[in-house]
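> Chains A and B supply the protein sequences, listed in that same order. Just so you know, we're using our numbering here: the first sequence kicks off at -5 and counts up by one. Just so you know, we're using our numbering here: the second sequence kicks off at 282 and counts up by one.
Careful, some of the hints might be misleading.
Mimicking DSBU-like on lysine-lysine, the simulated pairs with C-alpha atoms at most 35 Å apart in a straight line are [as the list claims (entries may be wrong)]:
(1) B:K531 with A:K145
(2) B:K446 with A:K301
(3) B:K446 with A:K232
(4) A:K232 with B:K546
(5) A:K22 with B:K489
(6) B:K539 with A:K301
Label pairs and their calculated CB-CB ranges [as the list claims (entries may be wrong)]:
(7) A:T159 with B:V511: 27 to 33 Å
(8) A:D112 with B:G504: 57 to 63 Å
(9) B:P515 with A:C258: 21 to 27 Å
(10) B:R359 with A:S207: 51 to 57 Å
(11) B:R359 with A:G6: 32 to 38 Å
No wet-lab data here; the hints were simulated from the structure. Beta carbons: idealized from backbone N, C-alpha and C, even for Gly.
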Amino acid sequence: MCGIAGLIHRDGTAKIGQEMTDMLQALKHRGPDSTGFALYGKPGRNEFIMRFKVAEQEDMDKGFDIHQAVKDRRATVDGRLESLGVKVIDQAEATEYAFRYRIQFDGDMKKLADYIEDVEGAEVLSMGNALELIKDLGDAATVSEQYGLKKFKGTHGIGHTRMATESDVDIRSAHPYWAYPYNDIAVVHNGQITNYWMMRRQFERRGHRFMSSCDSELLAVYTAYNLDQGATLEDSLKQSIDEIDGVFSYLVATRDSLGLAKDCMAAKPMVLYESDDLVAMASEEMAIRAIIPHEIDTWDPYDNEVKVWQA
Amino acid sequence: MAGVTTQEKQEQLSHDLGMHTEALRGRTQQVFFDMEKLGEGGYGYPDAPDVDFNKRAEFDAADMESTDINLELRKLTRKGYGTIVVKNPGAKHSLGVGVLHRLNLIFEGSLGYFGCGLIDGPNVRIQGRVGWACGENMMGGTIVIAKNAGSQFGAAIRGGDLVCKGHVGSRTGIDQKGGTIIVGGDTGAFTGFMMQRGRMIICGNAGKNLGDSMYDGTIYVGGEVEDYGVDAVPGPLGEDDKAWLTRKLKMYDMLPAKGVDHFKKINSGKQLWNYDNLEPNEKKLVL
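Hey, can you work out the whole structure from these sequences and the hints?
What follows is the structure, encoded as structure tokens:
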């Protein structure tokens, strides 16, 4: 089933970490397997936030050597960063297996991501000036507490509560997906893409990497490809309605915007609230009610509907 | 019906209503329609509470789960309260479902999915919005929603009036089997999909595939139709239609200032083999 949510403040920053936690916790019944956040803070000048993991949560219970292996993998990553001339400004250990590095780097981001992901168990969850992508097993309150998200301030964010149906319950199959290797682009999706394998093979032939077998990852790769070809976010969303087969509602966030697309059957839910200072959307209205207690007007976007808002 | 015993009469009536008269074996909890218990012509459900509309209760549902809210409604009706106000429903799911008796039920706020499904008898007023599948399978009574509604509005309803004063999502009245659905604003794609009986009034515009695969029933649209589905055929709007539309829309204070002459009427263009003979006449009248 899965639940998705997003919000964008039009009048500056707010505690979006807390707001997204409340929204996603209200959607817990739609998917208890994992929760993910893509939060957009104030872009840093000439620096990037890199979120990466070197193991799955479930790996930590397997084998006697995993704890040492995780340390070794992180050390390997550190070595590779140094060899590429990446300056690590600071680093934080959100969990034993997931890390947040603030870095300065002028080189090729794709090369950097590929080199890190070449390390066993490593996956770059996100890279960006403003984006911080956090995902792990458990409900929103658990993940938010684990990664200290409630104090996060920013302009916009998207999130996802997952009920695993076609791929594993692990971090690599959790949403949001980073649109590798493009900075600050993340995607969450509710639905099923029926031409996933056909399109995945097309993109793999073009050199795009897939880290999971979750159909939603295709939307991240698809969006990244379109933007690379010069399309605007709105163009890409509109194009997807014709090219992506299946039933879907999905959200795409960039550094300064948030977009929404619904399939031609309007088969997956989405409720929208829009005011002068805030736009909020979710699979169910109760998620919006979790952050707006007073009476509001909401509505369902129709089939083929595409919307884009600026922060 | 001279010479017909009460038992035979009941069996005939039960059969016409589509209910079983033979006892099922095993652990099945089967409730029979009992004329003697309910009186001649009584169509109430077994164990339906007798409520007094002048007896009013209200409670705040802000910190209650859906199940607890519905249980509280049951408790109050058992005590004879005929007018119940639920404050702060908070867009929770499945509220007010399965109410099978007279009741004035008012929600001060919005409902989530499956609001007031499977009801037969109550008059429900919702002052906010409703999520997907409001009034699903309702059999009788009225539901009036002040704001917008989600998709699958009135899915498979069999009777009663389901009214939304705002816009609704897609697949409105999918599999409708009776009753009336009224929408004050626009409706999305696949409205009236597989409609089988009943009537639908859309005051605004209708999305693509209106009335696709409809078997029977009538759809009236006041605005533009994006396109018609297979089997949906526009027909002439007669004086009977106009009189009915005017009366129905006036009931809910939704009659457009310019009247109803501009409405389009849409029926099914196909005839299914033996379709009209599938159900007894009495049941068709109910539907």
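> Are the hints correct? Go through all of them and say.
Comparing the hints with the structure gives:
no.	hint	result
1	B:K531 with A:K145	53 Å, violated
2	B:K446 with A:K301	25 Å, holds
3	B:K446 with A:K232	30 Å, holds
4	A:K232 with B:K546	33 Å, holds
5	A:K22 with B:K489	33 Å, holds
6	B:K539 with A:K301	33 Å, holds
7	A:T159 with B:V511: 27 to 33 Å	31 Å, holds
8	A:D112 with B:G504: 57 to 63 Å	58 Å, holds
9	B:P515 with A:C258: 21 to 27 Å	23 Å, holds
10	B:R359 with A:S207: 51 to 57 Å	53 Å, holds
11	B:R359 with A:G6: 32 to 38 Å	52 Å, violated
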